[in-house]
Amino acid sequence: MSGTLSAVPNFSSEIRIIVGAAIISDGRVLACERSEPAEVAGRWEFPGGKVEPGETEHDALVRECEEELGVLVEVGERVGDDVLLGHGRAVLKVYTATLIKGVPQLIEHAQLRWLAADELHTVPWLPADAPIVAALPKYLP
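All letters in the sequence shown, in the order written, are residues 725 to 865 by my numbering.
Just so you know, these hints were derived from the structure itself, not from any lab. Among the hints, erroneous ones may be present.
Claimed, not checked - Here are the simulated DMTMM-like pairs of lysine to aspartate or glutamate, each with C-alpha atoms no more than 25 Å apart in a straight line:
#, residue 1, residue 2
1, K862, E832
2, K774, E790
3, K774, E791
To be verified - Across the chosen pairs, the derived CB separations fall in these ranges:
#, residue 1, residue 2, range
4, P865, E798, 17 to 25 Å
5, P865, E760, 16 to 24 Å
6, T846, E779, 31 to 39 Å
7, A814, E760, 28 to 36 Å
What you are looking at is a predicted structure, and each value in this text was computed from that prediction instead of being measured. Quick reminder that beta carbons are idealized off the backbone N, C-alpha and C, glycines included.
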């Protein structure tokens, strides 16, 4: 293992799975500014959340995008490697996604921004998202 990146150990039932959506439209990816909790307010992330019991990662991502942004997405391929969180108690998995219905709304975030590849480093990302941001340019023209 190196840094915060690693493969998920075989005891994944003990690890909370967090999914994120790199929603791509017109060569840009959607970035969302956290409004809470206070310790991460003002930092940027990909929309997403916890996979609930009995849910697939794709189903969870579709649900989270509906809850957080009011949109329907189609989930695509994985972006980057798994990112271990919380001293190994959770793992972040990010997928590309395409908007199918709706326009992203400010439901749970302070601000939304569509970023081109050369704009990815113009916002302060949450540390967990940094490896995903580094892997994104190949998905953006």
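(request) Starting from the hint 16 to 24 Å, judge whether the C-beta atoms of P865 and E760 obey it. (result) 34 Å, violated
(request) Decide if the proposed pair is consistent with the structure: K862 and E832, CA atoms, cutoff 25 Å inclusive. (result) Status violated; Cα separation ~28 Å.
(message) Would the hint linking K774 and E790 be met if the CA-CA limit is 25 Å?
(response) 14 Å, holds
(request) Go ahead and decide if the range 28 to 36 Å is satisfied by the Cβ distance of A814 to E760. (result) Hint violated: Cβ distance 18 Å, outside 28 to 36 Å.
(message) Given a hint of 31 to 39 Å, does the C-beta separation of T846 and E779 actually sit inside it?
(response) 33 Å, holds
(message) Checking one constraint from the list: CA of K774 to CA of E791, max 25 Å. Satisfied?
(response) 12 Å, holds
(request) Could you check the hint for me, namely that P865 and E798 are 17 to 25 Å apart, CB to CB? (result) Holds - the Cβ-Cβ distance for P865 and E798, about 19 Å, lies within 17 to 25 Å.
Checked against the numbered hints given earlier, this structure breaks hints 1, 5 and 7; the rest are met.
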